[in-house]
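For chain A, the structure is supplied; the task is to place chain B on it using the hints.
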Amino acid sequence: MKTAYLVSLVLIVSTAYVIRLIAILPFFHTQAGTEKDTKNGVNLLKIRKSSKKPLKIFVFLGSGGHTGEMIRLLENYQDLLLGKSIVYLGYSDEASRQRFAHFIKKFGHCKVEYYEFMKAREVKATLLQSVKTIIGTLVQSFVHVVRIRFAMCGSPHLFLLNGPGTCCIISLWLKIMELLLPLLGSSHIVYVESLARINTPSLTGKILYWVVDEFIVQWQELRDNYLPRSKWFGILV
Amino acid sequence: MEKKTIFVTCGATIPFSKLVSCVLSDGFTRELVEYGFVRLIIQFGRNFATRFDQLVQERGGKVERTDIRIPDDEFGCDGNVSRYSLMDGTLEVIGFDFSAKVQKIISDFSDLVISHAGTGSILDSLRLNKPLIICVNDSLMDNHQQQIADKFVALGYVWSCVPTEISLTASLRASQTEKLKPFPVSHNSGFERLLNDVVYS
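Line order of the protein sequences matches chains A and B. Throughout the first sequence, residue numbering follows my numbering, covering 1 to 237 in sequence. Throughout the second sequence, residue numbering follows my numbering, covering 1001 to 1201 in sequence.
This is chain B alone, in the form it adopts within the complex:
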């Protein structure tokens, strides 16, 4: 069976505690392993490292030091990488606060991405043509995130969920059985022509 990697990105500034605990939940990780995922990479945001270690250890995660397949510097986060093994070593869990190489992690290692609803993170995955689940942070006051998630779902570019174990697991199932619509290319000749006309007018 194919050995797959899932990447979860919470954004840099605002912690998304509910998403982190959902992806570490018993039901979700079990389903991940069933679908052939062997590695879970989590970018959890600033000032969340202690809480992250606590959450993984509560779930029975054992600190992993020996079996390292992706070296620390591949994650672009100054070496502050937490490594655990979960579910008797069937799932490798890697966590860090922030990465300067998010796009490289997505393109080189990830088979599926779960992202918070910030446009930057959404575009990172879609531009690299990776299947994406958007998780909307319902505790934020910003309703643009909900709107953008709804819009992208309506267009068929992503799946979306709320940060609960049931909703997240349902999206994971959808991602393993359904296909998304391809995201249109960013280069637009009409806009380029307009820029050209303005510049050389």
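Just chain A, same shape as in the assembly:
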């Protein structure tokens, strides 16, 4: 009898987790978004004003081109993203951090916290070194992500990502937290594929297409030929 109880308990719990997993991954819930778009557009200002708490936004700066596009995105949508916001800034290279620090000076009302993420891969590393750095990166990013995610509790929040590899690890940890802690709610991950990707998605894009809450591409042919669930609004950077 005891085993029967145990088996049914395990079944119920695992079913609950599978349902939870389906609920937090993007397969089933993205289509609904497009229909209500127009209705919400009217209420845009109202929604923003009614929420008195500041926006908490996490941004990851890849390097070179990724960093450039991300800064352009933030600049273009500054009214929404950088108005009295708290910015959690993830970066892997010092040049990107400096570029961002220079850029954010214009937005003195924003509070910025910097988080350094180790690079997932170094060129010319041996297998053992690679394994070590990957484990190190996983642990370090987990600590950062948990801290940032809990700091966002109860506030309007957003994770804005545009590559490269480290974004996969960040998204993975966020989704695991969502799976294990249902009360935490959605992480609100938005991924914007690089402007340079016209015909094929990047490797990070291919992975995150199955993970993030909203996947944005900047070329219509990329959506039509490869990523039908993604959304296309034209060039955003």
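Don't read these hints as lab results, they were simulated from the structure. Some hints here could point you the wrong way.
[Stated by the list, open to error] Restricting the straight-line Cα-Cα distance to at most 27 Å, the calculated cross-link-like pairs of lysine-lysine (DSS-like) are:
{"no.": "1", "chain 1": "A", "residue 1": "Lys111", "chain 2": "A", "residue 2": "Lys52"}
{"no.": "2", "chain 1": "A", "residue 1": "Lys105", "chain 2": "B", "residue 2": "Lys1151"}
{"no.": "3", "chain 1": "B", "residue 1": "Lys1101", "chain 2": "A", "residue 2": "Lys105"}
{"no.": "4", "chain 1": "A", "residue 1": "Lys231", "chain 2": "B", "residue 2": "Lys1151"}
{"no.": "5", "chain 1": "A", "residue 1": "Lys106", "chain 2": "B", "residue 2": "Lys1101"}
{"no.": "6", "chain 1": "B", "residue 1": "Lys1181", "chain 2": "A", "residue 2": "Lys231"}
{"no.": "7", "chain 1": "A", "residue 1": "Lys106", "chain 2": "B", "residue 2": "Lys1104"}
{"no.": "8", "chain 1": "A", "residue 1": "Lys111", "chain 2": "B", "residue 2": "Lys1101"}
{"no.": "9", "chain 1": "A", "residue 1": "Lys106", "chain 2": "B", "residue 2": "Lys1130"}
Then chain B, alone, in the frame of chain A:
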């Protein structure tokens, strides 16, 4: 006649030797002067300064110290500016490795921009509404640069060329006779609405 300035940007990290030698070539500079350009500003990338000086001097460039119209600090490159005069003083040549003020150089001084095919540099010019020629570095393994150049040409936002004197000169001619399509504004209300919905959902 109007006194125009052309700005050439090679990107910060990978030297683009062929583009630099093409814009300094006899045929191209002669055509520049014919079209009323009096100043050629070149951002040539890191570790290329010695080669740059060599290239200009081979072309008969004389070091210019007296007739300075744009002071060094306008170029945002810690004062490492090479200045020459070319073609008996009809063309002023200014070179530096890297600039923290690329956007200011484009908006304040440039009438025409020639850029490598990196998206950052392309966007810098298009967002500032300056006519742009993209030069694709055919020695790079990265075919995204070719794709993005082709796409922007097909949409009519830019002219493009390969780093040869003939191709570059043909693009310069096109830029003096043809008009480009305006680049759409970056702000997209649909995307802003989506962000808003995600944030406040």
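Do the hints match the structure? See the list:
1. Restraint check for Lys111(A) and Lys52(A): the C-alpha separation of about 16 Å stays at or below 27 Å, so the hint holds.
2. With a C-alpha separation of about 35 Å, the suggested pair Lys105(A) and Lys1151(B) falls outside the 27 Å cut-off, and the hint is violated.
3. Proposed proximity of Lys1101(B) and Lys105(A) is supported: the alpha carbons are some 16 Å apart, at most 27 Å.
4. Proposed proximity of Lys231(A) and Lys1151(B) is supported: the alpha carbons are some 20 Å apart, at most 27 Å.
5. The suggested pairing of Lys106(A) with Lys1101(B) holds, with an alpha-carbon distance near 16 Å, which does not exceed 27 Å.
6. In summary, the hint linking Lys1181(B) to Lys231(A) is supported, as the alpha carbons are separated by about 25 Å, within the 27 Å threshold.
7. Under the criterion of a C-alpha separation no larger than 27 Å, the hint pairing Lys106(A) with Lys1104(B) is consistent with the structure, at around 16 Å.
8. At roughly 25 Å between alpha-carbon atoms, Lys111(A) and Lys1101(B) fall within 27 Å of each other, so this suggested pair holds.
9. Annotation: proposed proximity of Lys106(A) to Lys1130(B) holds, straight-line Cα distance about 24 Å (limit 27 Å).
Consistency with the previously given hints fails for number 2 only.
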